[in-house]
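Q: Mind docking chain B with the ligand on chain A? Use the hints.
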Amino acid sequence: MATENAPASMYRTTEGLGVWEHKGKVAAVGVGHSPTTRRWDGTAENTMGANSIFALRQAIADAGVDPSQIDGLVLDPVTTTGAHWPEGDPIPMDVVNAYNQTDDPLDGIAKLSAEWILKNMPELSNVKFTMYGPGCMSHAIVVAAQAVGEGRTHTCLVLKSWHNLEGRYNQAGISASESVPGSFAMAPGRTLWGAPGSYGTALQFAEYCRKYGKSHDMMAPFMSNSRRNGLLFPEGYWAQHRPEHLTEEDYLNARWIAKPANLFDNDIPIMVSGAYLFTTAERAKDMKQKPVYIINHASSRGTQRSILPTLDEVEAETASTGRKIYEGAGITAADLSFENMYDGFALFHQFHLEGLRYRGMQNGDALDFYQKDISIEGPDPVLPSGGNIGSGRSRFWMHTDCIQQIQGRAGARTITGVKPEIGVSGGPMPMGGNFTVWSATPD
Amino acid sequence: MVKQGVIPDDLSKPFWDAANAGRLEIQNCSACNRLHNPPVAACTRCKSGDNLEWKLMSGKGTIYNYGVVYDCPVRLLQQDQPFNLAVITLDEDSGIQMYSHLPGTPVDDVPVGAAVEVIFEETANGQKVPEWRVIG
Ligand SMILES: [Zn+2]
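Just so you know, the sequences run in chain order A and B.
According to the numbering used here, the residues represented by the first sequence are 431 to 873, in order.
According to the numbering used here, the residues represented by the second sequence are 383 to 518, in order.
Extracted from the complex, chain A is given alone in its bound form (with noise of 0.2 Å):
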């Protein structure tokens, strides 16, 4: 049977539901990277699917676990978020015909499958459960926390990959074409009007620059500090490719892309594979690496009235994530060592960042914030991970920072100016994402 979409009610969306019912029963135990690459070179050799398989095995290697302990699978099956194989073209068969296939000739190349994953990783005999956490790493990571604390799995994979091809992000397909659909025409999105990826958050940022008498260039230290934390992760786009600092100066000469957006507001899309090895708190004692155990899951499922959502519906939906976050791990946003809420785009950070009350933040102080130490030095962190700014488009670098930080295996990267005890990841939208809490201790 075809692996099929966590149903809604493995999601912890709404408040008041009280402390997490398997809080401090799962934990991360092994985490395996991909190198990075900032698109796909055509070859069999280096293919997303290729990446998937490296990063899983990195996991079960980190972990110490022997394959055929594994007896679950979480994935995200999309691949991209706009770099779309374009219609008609020619499927290279020769990189098909180099893996095991599924009925779908993009799968592994440009699109991924649980099938697609155990069929070309015959060590994985013992997987039983397999599901989708379609979005991103974050709605992964909660789909497999929570099919562990249900007894679904006892040792799970999970895993996200990103492909990226040719061409620019979205410029191909409707946005190529003479004419639109009408609803499509209508809806939020680039259409007639021609907004970019991040229009919507750039004008979210403008209101909360106008209300709060805030201004873009307040944005620098955070950016610059990003930067910092992403060339001190090894895993990442810029660490490999690119260590160039992005000072102050850099950003705020950077081109516009959707004005007060610009060229480094919007981050990098890239090709990588991320995984981890979740498992019980009960068989995480016997492994390798120094257990991190979850405590939380939340997710958060606006909508807003019309085309955009406005400054006062996102606030009012990362207040609530906040809230749910510290309600189902039953702490406080004192009790938070460090934060590593998503970023890509950079101009809603801030409300996440508030949305938490992170340090005693209220909505409109973000930005001062960001004017103090923020630094991994300090008692502050603000995104040790330095995120997708940091380190390019996988929305999963806070996650495995949150596991490192709290094993004591960030490297560089280590934050000192406070103990890593509980840190919180999770995104992608402030208007709709998934959030994890991750601790030292189970409780």
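If you're looking for bench data, these hints aren't it; they were derived computationally from the structure.
Here the structure is a predicted model, which means the values were calculated and not measured.
Quick reminder that beta carbons are idealized off the backbone N, C-alpha and C, glycines included.
Treat the hints with care, since some could be wrong.
What the hints assert, rightly or not - Derived list of chain A stretches under chain B, where covered just means 3 residues or more per stretch with a C-beta under 8 Å from a C-beta of chain B:
hint: 1; region: 597-607
hint: 2; region: 610-622
hint: 3; region: 636-648
hint: 4; region: 686-700
hint: 5; region: 731-738
Said to hold, decoys possible - Beyond 12 Å from chain B on every Cβ pair, some chain A residues (computed):
hint: 6; residue: T443
hint: 7; residue: K455
hint: 8; residue: R469
hint: 9; residue: T510
hint: 10; residue: V526
hint: 11; residue: V557
hint: 12; residue: E580
hint: 13; residue: E678
hint: 14; residue: D680
hint: 15; residue: A711
hint: 16; residue: D810
To be verified - Over the 12 Å line for every Cβ pair with chain B, so calculated as not near, a few chain A residues:
hint: 17; residue: A438
hint: 18; residue: P465
hint: 19; residue: R468
hint: 20; residue: A474
hint: 21; residue: P507
hint: 22; residue: V525
hint: 23; residue: N527
hint: 24; residue: Q719
hint: 25; residue: M791
hint: 26; residue: P809
hint: 27; residue: P872
A: Coordinates of chain B with the ligand only, in the frame set by chain A:
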């Protein structure tokens, strides 16, 4: 700025037909008296699709917010970069938004909060589309 052509579909056809006739009509649930844009198959309040109709608007609105597009994914608009892309709210209901390129307003010189009124422009295939101009 000439926009991509529009091919009305079932859900959106009344909107586009009205635009061709020089009228701004927005979908409304008559049971809840709740406007919807974009149009929906079922009312977001009562969850029913039985009372959805199209309601004539005054064509008056306000500039709520804007950005300036420098790097547009839509090929046809790339020659017009940079251009304003504003969000208009309708006087009938400030929760209802529409996009506008604000024809006649200089790039990045957009009076947020200013009053606007609807006009109708032809797209690439002749279908008309509502646009908005600053009044006065
Ligand atoms: Zn209704």
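Q: Each hint should be assessed against the structure and marked as holding or not.
A: Now for the hints, and whether the structure bears them out:
1. Three residues within the 8 Å Cβ limit are the bar, and the region 597-607 of chain A against chain B gives 7, so the coverage statement holds.
2. Here's how the region 610-622 of chain A fares: 11 of its residues keep a CB closer than 8 Å to some CB of chain B, so the rule of at least three is met and the hint holds.
3. For the region 636-648 of chain A, the proposed coverage by chain B is satisfied: 3 residues have a C-beta within less than 8 Å of a C-beta in that chain, meeting the threshold of three.
4. Beta-carbon proximity to chain B at under 8 Å applies to 6 residues in the region 686-700 of chain A; the threshold of 3 is reached and the given coverage holds.
5. Interface restraint, the region 731-738 of chain A with chain B: holds (5 residues with C-beta to C-beta distance below 8 Å; minimum three).
6. With a cut of 12 Å on Cβ distances, T443 (chain A) stays outside the contact zone with chain B, its closest approach being about 17 Å.
7. Once the 12 Å rule is applied to beta carbons, K455 (chain A) is consistent with being away from chain B; the minimum gap is 37 Å.
8. Consistency note on R469 (chain A): stated as away from chain B, and its beta-carbon is indeed over 12 Å from all of that chain's, at 18 Å minimum.
9. No Cβ of chain B comes within 12 Å of the Cβ of T510 (chain A); the nearest lies about 14 Å off, and the non-interface call holds.
10. Remark: the non-interface label on V526 (chain A) is consistent with the geometry, its nearest Cβ contact in chain B lying 29 Å away (cut-off 12 Å).
11. Every CB of chain B is more than 12 Å from the CB of V557 (chain A) (nearest about 39 Å), matching its label as outside the interface.
12. With 12 Å as the threshold on Cβ separation, the claim that E580 (chain A) sits away from chain B holds: the shortest Cβ distance comes to roughly 30 Å.
13. The beta carbon of E678 (chain A) sits about 21 Å from the closest Cβ of chain B, which is more than 12 Å, so the claim that it is off the interface holds.
14. At roughly 17 Å from the closest C-beta of chain B, the C-beta of D680 (chain A) stays outside 12 Å, upholding its exclusion from the interface.
15. Distance to chain B confirms A711 (chain A) as a non-interface residue, since its nearest Cβ pair spans about 41 Å, more than 12 Å.
16. At roughly 31 Å, the least C-beta separation between D810 (chain A) and chain B is larger than 12 Å, which holds for a residue marked as non-interface.
17. Every CB of chain B is more than 12 Å from the CB of A438 (chain A) (nearest about 16 Å), matching its label as outside the interface.
18. No beta-carbon of chain B is positioned within 12 Å of the beta-carbon of P465 (chain A); the least distance is around 28 Å.
19. No Cβ of chain B comes within 12 Å of the Cβ of R468 (chain A); the nearest lies about 18 Å off, and the non-interface call holds.
20. Every C-beta of chain B lies more than 12 Å from that of A474 (chain A), the closest at about 30 Å, which supports listing it as non-interface.
21. Every C-beta of chain B lies more than 12 Å from that of P507 (chain A), the closest at about 24 Å, which supports listing it as non-interface.
22. The beta carbon of V525 (chain A) sits about 28 Å from the closest Cβ of chain B, which is more than 12 Å, so the claim that it is off the interface holds.
23. Here N527 (chain A) stays apart from chain B, with its beta-carbon at least about 34 Å from theirs, past the 12 Å limit.
24. Non-interface status of Q719 (chain A) relative to chain B is upheld: no Cβ of that chain comes within 12 Å, the nearest being about 42 Å off.
25. Chain B leaves M791 (chain A) outside its interface by the beta-carbon criterion, the shortest separation being 24 Å against a cut-off of 12 Å.
26. Look at P809 (chain A): its CB is around 36 Å from the nearest CB on chain B, clear of 12 Å, so calling it non-interface holds up.
27. Look at P872 (chain A): its CB is around 41 Å from the nearest CB on chain B, clear of 12 Å, so calling it non-interface holds up.
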